[in-house]
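Peer 1: Residue numbers (numbering that gives the first Met the number 0), protein chains in the order written: chain W, 0 to 70; chain X, 0 to 190.
Each hint should be verified, as a subset may be incorrect.
Stated by the list, open to error - Derived lysine-lysine pairs resembling DSSO-like cross-links, with alpha carbons at most 27 Å apart:
| no. | chain 1 | residue 1 | chain 2 | residue 2 |
| --- | --- | --- | --- | --- |
| 1 | X | Lys171 | X | Lys115 |
| 2 | W | Lys57 | X | Lys148 |
| 3 | X | Lys173 | W | Lys24 |
| 4 | W | Lys1 | X | Lys115 |
Please keep in mind that the hints were generated in silico from the structure rather than gathered at the bench.
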Amino acid sequence: MKEKVMQVLEEAAGLAPGTLKPETKLAEVPALDSLVMVMALSELQEQGIEIPIDEALKLSTVADFFGYCKE
Amino acid sequence: MNVQLRLVREDDLPRIKNWRMQPDVTRFMNTDPVLTDEGQRRWYQTVCQAADQRQWVIVLEGEPIGMLYLIDIDFDNHHCSWGYYIAVAEKRSLPLAMFLEWNLYDYVFDVLKLHKLNNETFVENAAVVKLHLLCGGHQDGVMPQQVYKNGRYYDVSLGSILAGEWAAKKTKHKYDRFVFEDLPQTGEGPA
Numbered sequence: 000m001k002e003k004v005m006q007v008l009e010e011a012a013g014l015a016p017g018t019l020k021p022e023t024k025l026a027e028v029p030a031l032d033s034l035v036m037v038m039a040l041s042e043l044q045e046q047g048i049e050i051p052i053d054e055a056l057k058l059s060t061v062a063d064f065f066g067y068c069k070e
Numbered sequence: 000m001n002v003q004l005r006l007v008r009e010d011d012l013p014r015i016k017n018w019r020m021q022p023d024v025t026r027f028m029n030t031d032p033v034l035t036d037e038g039q040r041r042w043y044q045t046v047c048q049a050a051d052q053r054q055w056v057i058v059l060e061g062e063p064i065g066m067l068y069l070i071d072i073d074f075d076n077h078h079c080s081w082g083y084y085i086a087v088a089e090k091r092s093l094p095l096a097m098f099l100e101w102n103l104y105d106y107v108f109d110v111l112k113l114h115k116l117n118n119e120t121f122v123e124n125a126a127v128v129k130l131h132l133l134c135g136g137h138q139d140g141v142m143p144q145q146v147y148k149n150g151r152y153y154d155v156s157l158g159s160i161l162a163g164e165w166a167a168k169k170t171k172h173k174y175d176r177f178v179f180e181d182l183p184q185t186g187e188g189p190a
């Protein structure tokens, strides 16, 4: 599931596979802008990874998404 | 996050002209204008005299980064429409987008005392349609082939949120509060 999160984020942002690492800070990736994040959150929800919007606003790194994955 | 919504000033015009002609800004707007300094001055004069709109520059941590505006403010029927853009690409964060929308809801319903806030969004701009939903609004319908631009028609999504809907939802959210500069009292406003 962690790989799926990274894949969704990379595809939404138009980034090459492997660009994002768990420690990558979202604020340091300009491609992960507000609209890309909206589409990524929507795609994750469709894949069973639901992140409440108020919690999504607090996400800082890619690894922060992993807490919402059901392994 | 320190954000101020500052009413547009004459010395903003060159900046706004450049922003409004950026391809990534105009892509999902109704027009792709070629603006002139003289045209901008006329637009500014209109804005200064219009009671049915507000045009703010979004100032983030002291830096002007975009525009937020209310249009078609109707104090008889208690509604208006809105839009915004962040012209500085690296500032387009999800928290900023949502906090702007929520703060605008507060301004429209608590300060202007209106009942309904409308939005119109190109259907192809799916992320913004979803963003309005995430912020608490709803989609009311779609106007097929509503805008003709660059040789083709675009469908436009109609959305809105009512004052009562926002009142019921806002307490569930924690968000930074932004300061809106307001017009001097003119006698035009909520009854």
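Peer 1: Taking the hints in turn, state whether each one holds.
Peer 2: The hints, checked one at a time:
The suggested pairing of X/Lys171 with X/Lys115 holds, with an alpha-carbon distance near 20 Å, which does not exceed 27 Å. Between the alpha carbons of W/Lys57 and X/Lys148 the distance comes to roughly 38 Å, so the proposed pair goes past 27 Å and is violated. For the suggested pair X/Lys173 and W/Lys24, the alpha carbons sit about 22 Å apart, so the restraint of at most 27 Å is met. Straight-line distance between C-alpha atoms of W/Lys1 and X/Lys115 comes to about 41 Å, which puts the hinted pair past the 27 Å bound.
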